[in-house]
Amino acid sequence: MKKFAIIGIILLTFVFFMQACVEHTATPDDTYDFQAPPYFPQIISPTNNPLTKSGVSLGRMLFYDPILSQDSTISCSSCHNIANAFAEDKKYSVGVGGATGDVNAMALINLAWQQKFFWNGRATSLEEQALGPINNPLEMHETSENVAAKLSRSKRYAPLFKQAFGSATVTPEMIGKAISQFERIIVSNQSTYDKFYEIQEQAFTAEEYAGFRIFFTERGQCFHCHGANGTLLAHNLDTIFRNNGLLTDQEMIGKGLSFVTKKATDDGKFKVPTLRNIELTGPYMHDGRFATLAELMDFYSSGIKQNANLDINFTKSPERLEQYGGLGLTSTEKQQVIAFLKTLTDTAFTHNPAYQNPFKK
Amino acid sequence: MKLQLVFVLFFFSLMGCTWDNQDSTGSLKVNFAHTFQDATLQILESNQLIYTTTTGNKFNIKNLKYYIAKLTLYQNNGAKYDVNMVKLINPMEQNTNYQNYTLANIPNGKYTKMSFIFGVDSARNTFPFGLPNNSENNSMEWPFTLGGGYHFMMMEGVFQNSKSDTVGYAIHLGVTPNQFYNEFPLDLTVNGNDQSIDLQVNMEQWFNGINKINLNDGFGYMMEDQQKQLLFKQNGVGVFTLK
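Protein sequences appear in the order of chains A and B. Heads up: the first sequence begins at 33 in this note's numbering, then just goes up one per residue. Heads up: the second sequence begins at -16 in this note's numbering, then just goes up one per residue.
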């Protein structure tokens, strides 16, 4: 009997010890059933923030709620509009008090497969990224600690945090986890391009297929940076910062990845964005300088600025660069590439009820 | 007392499993040691031109990744140890796991030959996703329009061209005919132990092999140029040597 008691005490101690080590975990029926096509890679989901129904639902509410901003006027959705595939149709976003930022709002698509965030890659997790705009004086102009206090006092939110994370005393970490859970489930996978995996070129019109061929051959060589088959689908590329000739040597100093790494060799290197829904996400580039896809194609065809960090994929053809200032695409070729890019539009994504504003009746 | 006996037996049974493995198999870690003219290869972020080809091109290497596949060990009696592996070698990664491959659970015995394929074996060099669908393999994809599968090698950098401008080059090898087979005599006795060997990867050989490469001859767009890829395939045969 005494032995059983000793074994029992050991087991109980073990169980309590394990519970102390593990953070709040989802109950089995709260586990979020994340769906992605079989041809997508496994998602990069942190073990300390598993997807739960309660976490995703809470994150969606926070995403659409201006309570995150100093004067309750700006929500995440103010600058990441679902109609624009969670980008914004303005060059720069307007924050609290009319403050204007200096970068274009990035589209939020298939973030579950990405590892670095913001144009300069300064956030290394989605959880970290989610808190960035709250603390940015040009955006929500708040502090995540203040927001946590507001949410802890909220009759609406405190119980929801309790349900999702086990505590009604909200912390900045819990806010980041909730918002990132919602962002992680935002998936685009029903474009015309997705059909290519089943029916190959029959997915496209003749013009789209001509553009596809330019994109995926060395004529356009877009795939060198935007990835080939799997990357374009889910955008999980390990080399994702490139200098595409937007800036001169003087203009690029301290901009892009070098803001983080402090290396001059990273000046002017920006995160290569997903091309999914590109038809909906203009204006384009980190500074929103191109209003249309036609302007974008003109840039790649003849507007490349040479600088010390210009990507090898441009400098490897000095003759083209010298003669055309870029790829030297014909007007027909540009139209064909644009037609192909539009096959990445996914209206099922922009109309997905799971991504809509939960406060709208 | 009985309880203590159970614990002791359980402990010994676990240890017994480990000892069995150590007795009957061993491991071999193959380190890929990249050199240029017998010095450790330098992969640069800057445009400094630190190497010269025999044709006079001053150049550097800024990006290097390649696959090896089907690393296999052979015994004199015809027995072979083949784990059907594929490995992306990436000397740019801080993590040295990208610069070695460990053959584990090799049956004890004397091995006299080692071989591998440079590139991805044809069974897995397919569209879509012949290899596991993850970021490292996706970053090596060879477009469907050009035959599909994977880049066998990406080697990129800059060089000083005939106009004295610093411009890029991109040596990209892919498509199944451009794989090549490597084999080396080996003197390895596996006796339940862990061992390692160095495979020297002489990068100079890519440029100064049986084909003397002049980067001015247009090595920016070779993915659709089988003749240019063939030059590197032929040079590649002498790149790897067992130390």
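Treat the hints as calculated values from the structure; they're not laboratory data. Heads up, some of the hints might be wrong.
Stated by the list, open to error - Quick partial rundown of chain A residues pointing at chain B, CB under 10 Å, derived from the structure:
#1 Pro73
#2 Pro78
#3 Asn80
#4 Phe150
#5 Trp151
#6 Arg154
#7 Lys227
#8 Ile231
#9 Phe247
#10 Val292
#11 Thr297
#12 Tyr316
#13 Asp319
#14 Asn341
#15 Leu361
#16 Glu365
What the hints assert, rightly or not - With the C-beta cut set under 10 Å, the calculated list includes, among others, these residues of chain B facing chain A:
#17 Glu28
#18 Asn121
#19 Met206
#20 Asp208
#21 Phe223
Here the structure is a predicted model, which means the values were calculated and not measured. Beta carbons: idealized from backbone N, C-alpha and C, even for Gly.
Could you work out which earlier hints the structure fails to respect and list their numbers in ascending sequence?
When the structure is compared with the hints, numbers 2, 3, 4, 5, 6, 7, 8, 10, 12, 13, 15, 16 and 21 turn out to be violated.
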